[in-house]
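Protein chains in written order, with numbering that gives the first Met the number 0: chain P, 0 to 46; chain A, 0 to 430.
Everything labelled a hint here was simulated from the structure, so no lab data went into it.
Some hints here could point you the wrong way.
[Said to hold, decoys possible] When the alpha-carbon atoms are kept at most 30 Å apart in a straight line, the in silico DSS-like pairs for lysine-lysine are as follows: (1) P:Lys38 <-> A:Lys79; (2) A:Lys301 <-> P:Lys38; (3) A:Lys101 <-> P:Lys38; (4) A:Lys207 <-> A:Lys79; (5) A:Lys101 <-> A:Lys79; (6) A:Lys174 <-> P:Lys38; (7) A:Lys415 <-> A:Lys28; (8) A:Lys301 <-> A:Lys207.
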Amino acid sequence: MIDYQWFIILCIIVSSIFTLAVIILTIFTLVFRVRVIEKYDRGKPNV
Amino acid sequence: MSDFFLIFSVISIWIAVLEAIVIMAGAIKFIFRQNRSPLTIPENMDNYPTVSVLVPAHNEEIVIASTVEHILQLNYPADKIQIIVIADNCTDRTAHNLKVLKNKEAYRDRDFMILERTGKGGKSGALNDARQLATGEWLCIYDADAAPERNALAFLVQKAMEEPELYGAVFGRNKARNRSQNFLTQCINLELVTVQRVHHTGLWELFKIGTIPGTNFIVKSALIQEIGGWDEEAITEDTAISFEILTRGQLIALAPQAEAYQQEPERLGVYMRQRERWSKGNYHVIIDNIHHLFNRSSWRIKLHVLYYAASYFWFMIAIIISDIIFITNIVYQIIALFVPSIVSPFIFGGDIFVFLMIAWALMYYIYVLQINLALAADIGQSNIRNFIVSVVSYFTYSQLFLVISVRAFYSLIMDKLFRRKTKWYKTERFD
Numbered sequence: 000m001i002d003y004q005w006f007i008i009l010c011i012i013v014s015s016i017f018t019l020a021v022i023i024l025t026i027f028t029l030v031f032r033v034r035v036i037e038k039y040d041r042g043k044p045n046v
Numbered sequence: 000m001s002d003f004f005l006i007f008s009v010i011s012i013w014i015a016v017l018e019a020i021v022i023m024a025g026a027i028k029f030i031f032r033q034n035r036s037p038l039t040i041p042e043n044m045d046n047y048p049t050v051s052v053l054v055p056a057h058n059e060e061i062v063i064a065s066t067v068e069h070i071l072q073l074n075y076p077a078d079k080i081q082i083i084v085i086a087d088n089c090t091d092r093t094a095h096n097l098k099v100l101k102n103k104e105a106y107r108d109r110d111f112m113i114l115e116r117t118g119k120g121g122k123s124g125a126l127n128d129a130r131q132l133a134t135g136e137w138l139c140i141y142d143a144d145a146a147p148e149r150n151a152l153a154f155l156v157q158k159a160m161e162e163p164e165l166y167g168a169v170f171g172r173n174k175a176r177n178r179s180q181n182f183l184t185q186c187i188n189l190e191l192v193t194v195q196r197v198h199h200t201g202l203w204e205l206f207k208i209g210t211i212p213g214t215n216f217i218v219k220s221a222l223i224q225e226i227g228g229w230d231e232e233a234i235t236e237d238t239a240i241s242f243e244i245l246t247r248g249q250l251i252a253l254a255p256q257a258e259a260y261q262q263e264p265e266r267l268g269v270y271m272r273q274r275e276r277w278s279k280g281n282y283h284v285i286i287d288n289i290h291h292l293f294n295r296s297s298w299r300i301k302l303h304v305l306y307y308a309a310s311y312f313w314f315m316i317a318i319i320i321s322d323i324i325f326i327t328n329i330v331y332q333i334i335a336l337f338v339p340s341i342v343s344p345f346i347f348g349g350d351i352f353v354f355l356m357i358a359w360a361l362m363y364y365i366y367v368l369q370i371n372l373a374l375a376a377d378i379g380q381s382n383i384r385n386f387i388v389s390v391v392s393y394f395t396y397s398q399l400f401l402v403i404s405v406r407a408f409y410s411l412i413m414d415k416l417f418r419r420k421t422k423w424y425k426t427e428r429f430d
């Protein structure tokens with residue numbers, strides 16, 4: 000069987016970078032969602 | 000050989016994930032910037048240009064009167080707007096309904112023309128006939144089922160006035176007015192929201208790339224004249240003309256506040272026919288423009304061609320291969336429970352298969368994340384129901400894209416082989 004050690008290393012590096020990027024994007028998405036909810040005061044009863 | 004397919008799939012999915020990450024980062028930048036700047040509705044429109052609004056309509060008796068009323072009520076100086084509705088080869092009451100509307104007291108003084116035509120060329124032919132009569136400096140196109148919001152045209156022109164020399168066209172956003180009708184329309188709504196609030200914004204923010212969406216856009220009359228009008232052979236005339244505009248060094252700008260509602264297919268058969276037409280049209284456009292990758296065209300056109308080619312050819316092939324590998328391995332593992340000696344044809348060295356699963360999981364996660372970013376940006380749409388639909392839609396609605404793409408590709412090959420003329424399906428409307 001061919002040795003794919005180099006590809007495994009590449010997989011680890013790429014997957015780690017993408018995971019980090021996705022975590023950052025998730026944080027930004029959640030921050031934005033919270034800001035929108037606060038701005039438009041959704042879910043709170045009208046006084 | 001199976002190793003090659005696996006590595007090809009993993010690398011292709013990585014590139015798809017990278018594209019998604021880059022576009023989403025651009026969209027987040029755009030959304031945060033837009034959130035900081037207040038919405039200003041244009042008040043003084045004295046220096047705004049004249050606009051001819053063209054509405055092609057083929058047997059649209061159900062929706063046409065409502066659409067034209069929305070256009071007549073647009074917040075734009077009445078003396079600067081000309082409305083031409085093209086009753087294109089109609090065999091129903093489209094023209095009659097338009098005449099009734101035109102005779103209403105409130106609209107008698109408006110520059111409102113009904114053009115009854117029997118010529119060929121479908122939507123492109125209708126637009127080409129109408130542009131001969133158009134007097135506006137800009138042309139504005141609305142489909143027959145559109146319901147533009149009151150300030151939609153004003154926002155489109157406002158954006159055009161920012162860079163009148165550079166912007167050849169400006170497009171707004173389209174929303175599904177029947178989004179709650181059934182599961183299909185809910186999924187189409189999510190796709191529409193995501194394409195417009197993530198893909199369009201990301202591409203515009205990072206690369207100043209835009210594509211005309213077929214309705215709710217304006218384009219310079221002189222530019223259309225220079226291009227020679229809409230391509231009557233093109234199935235997706237909007238994408239075709241977008242490339243023509245970019246080729247001439249003009250940009251297609253995004254005016255995110257310019258919103259219009261449209262009707263989406265409510266039945267699977269109607270949806271499949273509409274999307275097959277779009278896919279086939281986009282294949283044609285990619286083939287017609289692939290030469291830009293190898294000549295001295297600008298980087299923006301190259302990137303645009305690459306974006307389309309990757310979405311419709313490369314990623315599609317990679318997803319099909321990875322799906323085959325994934326399903327085959329699952330089936331073999333189930334069989335192996337009863338027949339331990341059986342071996343899957345896709346056995347790989349090391350942990351490569353695990354990394355295919357990780358790449359796939361990342362793609363799925365970013366798919367759901369993109370939808371939910373888009374939903375958060377569209378007031379009132381970020382709710383539990385839409386979140387559940389976004390999670391489920393990948394395994395249901397999105398897989399239709401593969402079926403549609405393969406069928407459209409097969410149909411394209413058959414057209415080429417047997418020199419068949421492409422049939423143009425009009426999307427069915429619903430009451």
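Do the hints match the structure? See the list:
{"no.": "1", "hint": "P:Lys38 <-> A:Lys79", "result": "violated (37 Å)"}
{"no.": "2", "hint": "A:Lys301 <-> P:Lys38", "result": "violated (40 Å)"}
{"no.": "3", "hint": "A:Lys101 <-> P:Lys38", "result": "violated (43 Å)"}
{"no.": "4", "hint": "A:Lys207 <-> A:Lys79", "result": "holds (29 Å)"}
{"no.": "5", "hint": "A:Lys101 <-> A:Lys79", "result": "holds (18 Å)"}
{"no.": "6", "hint": "A:Lys174 <-> P:Lys38", "result": "holds (22 Å)"}
{"no.": "7", "hint": "A:Lys415 <-> A:Lys28", "result": "violated (43 Å)"}
{"no.": "8", "hint": "A:Lys301 <-> A:Lys207", "result": "holds (13 Å)"}
Hint compliance for this structure: hints 1, 2, 3, 7 are broken, all remaining hints hold.
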